[in-house]
Every structure is written in C-alpha cells, then in structure tokens.
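Colleague: Here's the letter readout for the chains.
Protein chains: 2
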Amino acid sequence: MNEPPVFDEAFARQFEELLRWRRDVRRFRRDPVPADLIARLIAQTQLSPSVGHSQPWRWLAVEEPAQREAAQASFSRCNVAALASYEGERAALYARLKLEGLREAPVQLAVFCDHGTERGHGLGRRTMPEMLDYSVVAAITQFWLAARVHGLGVGWVSILEPAEITAALGASPDWKLIAYLCVGWPEQDCDVPDLVRAGWEQG
Amino acid sequence: MNEPPVFDEAFARQFEELLRWRRDVRRFRRDPVPADLIARLIAQTQLSPSVGHSQPWRWLAVEEPAQREAAQASFSRCNVAALASYEGERAALYARLKLEGLREAPVQLAVFCDHGTERGHGLGRRTMPEMLDYSVVAAITQFWLAARVHGLGVGWVSILEPAEITAALGASPDWKLIAYLCVGWPEQDCDVPDLVRAGWEQG
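Protein chains in written order, with the numbering used here: chain F, 1 to 203; chain Y, 1 to 203.
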C-alpha cells in the first residue's frame with residue numbers, strides 16, 4: 001500500500017476555490033480541446049465511487065454532424081415546450097436565457113448508465129436501485145471538477161428528450177442516458193452562476 | 001467579479017491524489033469530529049451544481065439514539081434479505097463483508113431531495129425530472145471529496161429501506177431520501193476499494 005497523502009490548509013483553500021469557480025458553462029470558445037486531455041479526464045472517472053464497485057458509467061463522444069444535429073433538434077423542441085410552460089415576465093426572462101452551448105462546444109459527450117452490467121453483483125442496490133444511476137452522476141461530478149482544474153468548462157444539457165439522444169447515438173437499450181455534456185474552453189470564467197446573474201431566482 | 005484562479009500542474013496532481021484516496025469508509029475511529037468542521041463541509045455544498053439552481057439538498061443530522069437504532073435495524077433487515085439473494089461461495093463472501101459503520105461513525109447524516117421546492121421554477125427538469133435527485137447526488141459527491149481533504153471518511157449506506165429512515169427522522173413526505181452517510185475519522189487510509197481487496201469483483 002502507498003503512503004496516504006496529507007492535504008494541507010493551502011490545498012483545502014484551493015479546493016474550495018475550485019468548487020466556487022466550477023460553473024455550468026454555456027458560452028464556449030471554438031478552439032479545439034486536446035484529445036488526450038479529454039481521454040485523461042474520462043480515464044480519471046474510474047476513481048469515482050460506484051455502488052458495489054459496479055462502475056456503470058459509459059461515455060460516448062458525440063462527433064458525427066448528424067448526431068450533433070439530433071441533439072440540437074431535441075433541445076430546440078424541448079425548449080419551445082419549456083418556454084410555453086411559463087407566462088408573462090418569467091416567459092420573457094426564460095426566452096432570454098442561454099441554456100446550452102450545443103453549437104459551439106468542441107467536445108460533446110453523452111454519458112449513460114449501463115443497466116445491464118453484472119459488475120458489482122447487485123450489491124447495495126436491492127432497496128435503492130437508483131444507486132446505479134447515482135454512481136454515474138458521481139462520476140460526472142468528478143469529471144466536471146477535474147475539467148475545471150484544467151481550465152475546461154462543462155455544461156450539462158437536460159433540456160432534451162433522452163430517448164432521442166439514445167436513438168441518434170445507436171446506444172444499447174440497456175443504457176439509460178444520464179447526461180449530455182458540452183465541454184470546451186469557456187469564453188469567460190465567473191464565480192457567480194449564470195441563472196443568478198440573469199435574475200432567474202427572483203419571485 | 002473576482003479574478004479567476006489558475007490551477008497549476010501541482011494542484012492537478014494533488015487533486016488526482018484526492019480522487020484516488022477517497023474511499024467508501026466502513027471502519028471508523030470513535031473520536032468525535034468537530035461540529036464546526038461538519039458545518040463548514042455542509043455549507044460548502046451550496047457551491048454544488050443543481051438543475052435550475054434549485055439547490056434541493058436537505059441535510060439532517062441523525063443524532064437521537066432511537067433514530068440511529070432505526071437505521072441500524074433497517075440495515076440489518078435489508079442485509080439479511082440481500083445475503084439470502086446470493087448462493088454458495090458468493091453468499092459466504094457477502095457474509096464476511098463489512099458494508100457499513102453505523103455503530104461506530106460519530107457523525108451520521110441523512111440527505112434528502114426536496115421534491116416540493118419551487119426554487120429553480122422547474123427549469124431544466126421537464127423532460128428529465130430526475131435532475132432534481134441528481135443535483136443532490138452531485139452535492140454529496142462534493143461533500144465526500146471535501147471531507148477527504150480534511151482527512152474525514154464517508155461511507156454511503158444504501159442497504160436500508162428509505163421509507164423507514166424518512167419515518168424515523170420525521171422528514172417531510174415531499175423529501176426523498178438520497179443517501180444515508182456515515183462520517184468520521186477512518187481507521188486506516190487506503191487507495192484500493194474495500195470490495196476490490198475483498199475479492200468481490202471476481203467471477
């Protein structure tokens with residue numbers, strides 16, 4: 001066994017800065033992201049906690065133009081429906097929000113939970129079967145922080161129809177879509193969430 | 001706006017060490033954990049991502065002996081049922097696993113998702129309503145890492161009946177139990193998961 005690390009107060013402060021400056025990013029520069037950096041970040045998610053050590057996360061890069069167009073189309077349809085659910089000033093405010101960077105983000109990843117996996121032998125999920133999905137969320141959270149360590153922004157797009165993404169990517173029907181992620185260099189770093197700056201919280 | 005931090009390669013390496021040494025801890029020393037450290041860690045989870053900035057996490061400290069006994073009883077019942085679902089050598093192996101530290105952990109936290117919250121005004125969860133629960137999982141993941149920064153171990157106990165915990169704590173019926181966490185100083189630090197060391201992965 002290796003010697004455990006000791007994290008000092010300076011690291012604790014820097015870690016809190018990391019939490020403070022992680023953002024849901026929707027405005028990306030278009031310059032490319034080195035493929036080996038993305039590969040390193042995805043490989044690092046193997047260190048995430050998972051129920052029964054099942055490691056059920058499955059990462060698919062969304063690269064084909066037709067696949068990206070399917071994601072944009074799904075977002076557009078769902079966003080029109082979402083806008084229609086608001087009224088008056090809130091609808092006007094919603095219409096002004098920029099909620100995704102699907103046209104700009106150079107890297108896009110669909111993250112699934114493999115409900116067919118036998119890894120873990122079912123341990124820890126008899127009474128809480130949702131633990132399998134939660135394990136994927138934990139991996140995404142760690143990816144998000146690790147990306148920010150390297151200056152990369154991540155935006156989690158949930159305004160879309162999971163079945164449409166799954167079909168467009170030809171993913172196994174055993175795989176449940178947990179997240180569609182836009183990844184790239186942010187146009188700007190900020191320590192205040194976009195929705196707070198836009199005044200979405202009020203009322 | 002403040003100046004964004006730059007995370008250098010030394011920080012990136014330390015951050016990876018943090019991911020590598022975070023464990024699901026089931027063996028705790030019994031010495032107390034300073035209350036202000038737990039308060040600081042829980043306060044820090046306000047920096048976690050949440051859908052529509054809804055911040056739906058609700059943290060309850062489980063302190064009353066009757067509440068802790070209810071959690072232990074729920075675990076015991078569920079663990080007997082889990083053991084009965086395995087056969088032969090796997091059952092024997094399961095019986096030897098230590099899967100929780102409910103009798104030793106000085107701090108125990110139940111973490112809920114408030115399905116009744118109006119914060120966020122429903123943004124981002126029309127087509128993926130599970131985003132609300134996922135937001136709580138993200139906060140728990142960040143808590144877990146932040147705890148390890150300070151040398152604290154966290155164990156997520158999912159072998160229990162959520163309804164029993166919710167009732168024992170008198171939590172609102174709008175609140176869904178996402179996690180029951182044991183927190184304390186680990187008996188030992190290790191960079192290899194317990195289940196891997198125990199050979200649960202094989203076969």
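FYI, nobody ran anything at the bench for these hints, they're computed from the structure.
Misleading hints may appear alongside valid ones.
Said to hold, decoys possible - Computed from the model, here is a short list of chain F residues facing chain Y with C-beta under 7 angstroms:
{"hint": "1", "residue": "HIS53"}
{"hint": "2", "residue": "GLN55"}
{"hint": "3", "residue": "LEU60"}
{"hint": "4", "residue": "VAL62"}
{"hint": "5", "residue": "ALA92"}
{"hint": "6", "residue": "LEU93"}
{"hint": "7", "residue": "MET128"}
{"hint": "8", "residue": "PRO129"}
{"hint": "9", "residue": "TRP175"}
{"hint": "10", "residue": "TRP185"}
{"hint": "11", "residue": "LEU195"}
{"hint": "12", "residue": "ARG197"}
{"hint": "13", "residue": "ALA198"}
What the hints assert, rightly or not - Which stretches of chain F does chain Y cover? Using the computed rule of at least three CB atoms under 8 angstroms from a CB of chain Y, they are:
{"hint": "14", "segment": "73-86"}
{"hint": "15", "segment": "102-110"}
Remember, predicted model here, so these are calculated numbers, not experimental data.
For glycine and all other residues, C-beta sits at the position ideal for the given N, C-alpha and C.
Colleague: Next, verify each hint and record whether it holds.
Modeller: Hint check:
1. Given hint, HIS53(F) at the interface with chain Y, holds; its Cβ is 4 angstroms from that chain's nearest Cβ, closer than 7 angstroms.
2. With its C-beta approaching chain Y no nearer than about 10 angstroms, GLN55(F) sits outside the 7 angstroms limit, and its interface hint is violated.
3. Contact between LEU60(F) and chain Y, as hinted, is not supported at the beta carbon level, the nearest pair being about 17 angstroms apart and thus beyond 7 angstroms.
4. Against a cut-off of 7 angstroms between C-beta atoms, the interface hint on VAL62(F) is violated, since the closest Cβ of chain Y lies about 17 angstroms away.
5. Of the supplied interface hints, the one on ALA92(F) is violated, with its beta-carbon coming no nearer than about 13 angstroms to a beta-carbon of chain Y, more than 7 angstroms.
6. Checking LEU93(F) against chain Y by beta carbon gives a least distance of about 9 angstroms; that is not within 7 angstroms, so the hint is violated.
7. The restraint placing MET128(F) at the interface with chain Y holds, with a minimum CB-CB distance near 4 angstroms, inside the 7 angstroms limit.
8. For PRO129(F), the suggested interface contact is broken, since its CB lies about 10 angstroms from the closest CB of chain Y, more than 7 angstroms.
9. Because the closest C-beta pair between TRP175(F) and chain Y is about 15 angstroms apart, greater than 7 angstroms, the hint is violated.
10. Interface hint status for TRP185(F): violated, as the beta-carbon distance to the closest one in chain Y is roughly 12 angstroms, over 7 angstroms.
11. A distance limit of 7 angstroms between C-beta atoms decides the matter here; for LEU195(F) the minimum to chain Y is near 4 angstroms, and the interface restraint holds.
12. Evaluation of the ARG197(F) hint against chain Y yields a violated restraint, the C-beta minimum of about 10 angstroms exceeding 7 angstroms.
13. Using the Cβ-Cβ criterion of 7 angstroms, the hint placing ALA198(F) at the interface with chain Y is not satisfied: the shortest such distance is roughly 10 angstroms.
14. Residue count for the segment 73-86 of chain F with a Cβ under 8 angstroms from a Cβ of chain Y: 5. That meets the three needed, and the coverage hint holds.
15. Chain Y is given as covering the segment 102-110 of chain F, and this is violated because 0 residues of the stretch bring a CB closer than 8 angstroms to a CB of that chain, at least three being needed.
Violated hints, listed in ascending order, are 2, 3, 4, 5, 6, 8, 9, 10, 12, 13, 15; each of the other numbered hints is respected by the structure.
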